[in-house]
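Trainee: Take a look at the letters that make up each chain.
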Amino acid sequence: MNRQKINAFFARLPKNLVILLMVLIWVLPTFGLLITSLRPLQAIQSSGWWTVLNRPPGSQEYVQNCASCHGADGKLIAAADLTNPDLIKQFNRSVLLLASLKSEYKGQPHMGTQEIPSSQSAASIVVHLNDISGVQKQPRFTLSNYIDALVGYRGTRTYTEDCAAGTASTDLRCNLSDVLNPRGMGRAFVNSLLVTIPATFLPILLAALAGYAFAWLDFKGRMLLFAVLVGLQVVPLQMTMVPISRVYAQMGLNGTFLGVWLFHTGFGMPYAIYLMRNFLGTLPRDLFESAYLDGASHWTAFYRLAIPLALPAIASLGIFQFLWVWNDLLVALVFLGSTTPVVTYQIANMVSSLGAGWHLLTAAAFLSMLLPMLVFFSLQRYFVRGMLAGAVKG
Amino acid sequence: MAARPVPRIMQQGKLAPLYYLAPALIIMLFFIVYPMFNTIQLSFLNRNGTASVATTCVEGRPCWGVFENYRYALTAEFNTGSTKAFWDSFWLSSYGNTIKWIIFMVAGTVILGLLFAKLVDGIKNEALAKSILFMPMAISFVGAGVIWKFVYSYGTQQVQVGLLNAMITALGGKPISFLTAPVLNTYALIVVGIWIWTGFCMTILSSSLKSVPDEIIEAARVDGANEWNVFWKITLPIIMPTVIVVITTMVINVLKQFDIVYVMTGGNYNTDVIANRMYTEMYLNFNTGRGTAVAVVLVLAIIPFIYLNIRRFIAQEEMR
Numbered sequence: 001m002n003r004q005k006i007n008a009f010f011a012r013l014p015k016n017l018v019i020l021l022m023v024l025i026w027v028l029p030t031f032g033l034l035i036t037s038l039r040p041l042q043a044i045q046s047s048g049w050w051t052v053l054n055r056p057p058g059s060q061e062y063v064q065n066c067a068s069c070h071g072a073d074g075k076l077i078a079a080a081d082l083t084n085p086d087l088i089k090q091f092n093r094s095v096l097l098l099a100s101l102k103s104e105y106k107g108q109p110h111m112g113t114q115e116i117p118s119s120q121s122a123a124s125i126v127v128h129l130n131d132i133s134g135v136q137k138q139p140r141f142t143l144s145n146y147i148d149a150l151v152g153y154r155g156t157r158t159y160t161e162d163c164a165a166g167t168a169s170t171d172l173r174c175n176l177s178d179v180l181n182p183r184g185m186g187r188a189f190v191n192s193l194l195v196t197i198p199a200t201f202l203p204i205l206l207a208a209l210a211g212y213a214f215a216w217l218d219f220k221g222r223m224l225l226f227a228v229l230v231g232l233q234v235v236p237l238q239m240t241m242v243p244i245s246r247v248y249a250q251m252g253l254n255g256t257f258l259g260v261w262l263f264h265t266g267f268g269m270p271y272a273i274y275l276m277r278n279f280l281g282t283l284p285r286d287l288f289e290s291a292y293l294d295g296a297s298h299w300t301a302f303y304r305l306a307i308p309l310a311l312p313a314i315a316s317l318g319i320f321q322f323l324w325v326w327n328d329l330l331v332a333l334v335f336l337g338s339t340t341p342v343v344t345y346q347i348a349n350m351v352s353s354l355g356a357g358w359h360l361l362t363a364a365a366f367l368s369m370l371l372p373m374l375v376f377f378s379l380q381r382y383f384v385r386g387m388l389a390g391a392v393k394g
Numbered sequence: 395m396a397a398r399p400v401p402r403i404m405q406q407g408k409l410a411p412l413y414y415l416a417p418a419l420i421i422m423l424f425f426i427v428y429p430m431f432n433t434i435q436l437s438f439l440n441r442n443g444t445a446s447v448a449t450t451c452v453e454g455r456p457c458w459g460v461f462e463n464y465r466y467a468l469t470a471e472f473n474t475g476s477t478k479a480f481w482d483s484f485w486l487s488s489y490g491n492t493i494k495w496i497i498f499m500v501a502g503t504v505i506l507g508l509l510f511a512k513l514v515d516g517i518k519n520e521a522l523a524k525s526i527l528f529m530p531m532a533i534s535f536v537g538a539g540v541i542w543k544f545v546y547s548y549g550t551q552q553v554q555v556g557l558l559n560a561m562i563t564a565l566g567g568k569p570i571s572f573l574t575a576p577v578l579n580t581y582a583l584i585v586v587g588i589w590i591w592t593g594f595c596m597t598i599l600s601s602s603l604k605s606v607p608d609e610i611i612e613a614a615r616v617d618g619a620n621e622w623n624v625f626w627k628i629t630l631p632i633i634m635p636t637v638i639v640v641i642t643t644m645v646i647n648v649l650k651q652f653d654i655v656y657v658m659t660g661g662n663y664n665t666d667v668i669a670n671r672m673y674t675e676m677y678l679n680f681n682t683g684r685g686t687a688v689a690v691v692l693v694l695a696i697i698p699f700i701y702l703n704i705r706r707f708i709a710q711e712e713m714r
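Heads up: the sequence lines are chains P and H, in that order. If you count by the numbering used here, then the first sequence holds residues 1 to 394, one letter each, in order. If you count by the numbering used here, then the second sequence holds residues 395 to 714, one letter each, in order.
What the hints contain is simulated information worked out from the structure, not anything from laboratory work. On a predicted model such as this, the values are computed, not experimentally measured, just so you know. Beta carbons are placed, not taken as given, at the ideal position from N, Cα and C, and that holds for glycine. Check the hints yourself; a few may be wrong.
[Unchecked claim] In silico PhoX-like cross-links for lysine-lysine, where the CA-CA straight-line distance does not exceed 20 Å:
{"#": "1", "chain 1": "H", "residue 1": "K512", "chain 2": "P", "residue 2": "K15"}
{"#": "2", "chain 1": "P", "residue 1": "K15", "chain 2": "H", "residue 2": "K408"}
{"#": "3", "chain 1": "P", "residue 1": "K15", "chain 2": "H", "residue 2": "K524"}
{"#": "4", "chain 1": "H", "residue 1": "K512", "chain 2": "P", "residue 2": "K220"}
{"#": "5", "chain 1": "P", "residue 1": "K5", "chain 2": "P", "residue 2": "K15"}
{"#": "6", "chain 1": "P", "residue 1": "K89", "chain 2": "P", "residue 2": "K102"}
[As the list claims (entries may be wrong)] Far from chain H by the CB rule (all over 12 Å, computed), these chain P residues:
{"#": "7", "residue": "G71"}
{"#": "8", "residue": "K102"}
{"#": "9", "residue": "P139"}
{"#": "10", "residue": "V179"}
[Claimed, not checked] Footprint (simulated), chain H over chain P, 3 or more residues, beta carbon under 8 Å:
{"#": "11", "segment": "25-35"}
{"#": "12", "segment": "48-55"}
{"#": "13", "segment": "200-210"}
{"#": "14", "segment": "230-240"}
{"#": "15", "segment": "243-251"}
{"#": "16", "segment": "326-332"}
{"#": "17", "segment": "378-387"}
Sequences are here, hints too, so could you generate the full structure?
Mentor: Now the structure itself:
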């Protein structure tokens, strides 16, 4: 290696360290959530996600206390084969195990001259024995959290285990229909789609029309009206919700999809028109002139010329509006609530009612991020453009 | 505008613009304009919006007549016993917290965004590094809230499953309950806000950094300016207009910030902000008058920035 390269490396080092640190801070929290959502329930409660590649719980305690007689795999004493599930089932609590360790075995103290382990390490040993005997396997990764989150199962064991044992709660049928259980993420996912798709499509349609008028049609007060529109973009949701929920209550629209679609359309309008108008306004003037000379009406010019050319803007707008509605909590909270839970509502609800039910929360949060992440990584260019233009919306 | 010739396609029929505009205008009138005025009206009425709030005044208690809801919105959180008590309660109120949010979140996102934009400018994996920072913008505030609630997780027993508390205990410290310890918890929430919005600021600032002409910077270097001086005396003044746009945009966003607080603490433990308080008054305490009064206060705080936004728009129009 030549001297210059080494010098250049050290000159860049502080800069690269700062970049690395920031990237880590931005990646680790999400990464930790992903890992946690894939770990079994007991493991999440007893150790942090960064220990996932460590040796399984209890194996260290087992080696310390038991391996010298029973062997590393537990099979050394044939009469007391620790991989035999029937034997382990008799000692599958730390108290039971401790009692056995303290009692005598064939006239000798069970542990010989060794010290009896503490109750905490006994508990860890039980976990290990359950694992090697197959009484309760401790896989490193599992999808059971996702299943529990999809059906909204809130037991102390997993949905699959309780269904197999027949101890699941009565509102669950333990078949595929549970995916639509109102407490689950499956149902919320469907509801979110039902809310989001029309609430994306409708504003684009209306905004394309209005944006075209602002860009290429002449009328009195065009600039003034457009400036007012720019101001309206910033109006916070909080300023308009109360009167609308009162009107909705009278019309019976609270808790309906129609109510939310219309609200999102109304609120998405100023930004959507702003973006459409600015994009359509950059199209060359000659294009519209010659279309006119060829005898095209403004309507033909709109749907044969403006719309096809505006597709990039429509893509940005569509992605922005889609993610805005998908990620929205406040509107869903006020106008839909528990009757039609969407993903954000369902998660917020889980947070307040579950406290630290991390196995459910992490899986549910990841389910809600799936679609946005997909959109983000596949259509990043349009997404960034739409996001930058619409940053101050509602 | 008058100087530019209008294309003839713009002059077809007097009614044509109306067809295009009517649906959008009607829906905006109903969902934005009408509710705004109605909200102002409701803020002077009682909890059901049936009579003036002045009728709820009780003899011997402080009351501002028709402005009673505003008295509640503006003063209810404060302890007016003494100047010191007032000051202390102010900084734990939704107003004090909102000010903390504005100062620290705007400073945090803009400074970190600018720093990152400058550092990754021209490196090999620039696009990747930037998209990592931008990623939180795609996920919901609710999702980000869960992600960080887990980072902040506080174990009452030996085991710490939260990353931060695990690091603290590994270094021999005592675990901290980040979300329930007042003063600290608001800053813990602000960190989440910074984590979400830095990518946004970084992207805008990065494109403006790239638009600074290379010749100017080269000329300064030739004249013997070091990197530090080039940045402070040349680059920064050139991108200053963009920095100001980013700051005003962020202030508006911070003022409207509701989800993070709602999901992570629900506004408890002295973490309330104005945007969340409106929700509490309206949909948990069911008091229309107070809820709308808080909303009006929120909008009054935003109005200066609406003005800046329109002014920026006019400036853009003149450059077209």
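Trainee: If a hint holds in the structure, say so; if it does not, say that too.
Mentor: Hints, verified against the model:
| no. | hint | in the structure |
| --- | --- | --- |
| 1 | H:K512 - P:K15 | holds (10 Å) |
| 2 | P:K15 - H:K408 | violated (61 Å) |
| 3 | P:K15 - H:K524 | holds (15 Å) |
| 4 | H:K512 - P:K220 | violated (46 Å) |
| 5 | P:K5 - P:K15 | holds (16 Å) |
| 6 | P:K89 - P:K102 | holds (18 Å) |
| 7 | G71 | holds (30 Å) |
| 8 | K102 | holds (24 Å) |
| 9 | P139 | holds (18 Å) |
| 10 | V179 | holds (21 Å) |
| 11 | 25-35 | holds (count 8) |
| 12 | 48-55 | holds (count 3) |
| 13 | 200-210 | holds (count 4) |
| 14 | 230-240 | holds (count 11) |
| 15 | 243-251 | holds (count 3) |
| 16 | 326-332 | holds (count 5) |
| 17 | 378-387 | holds (count 4) |
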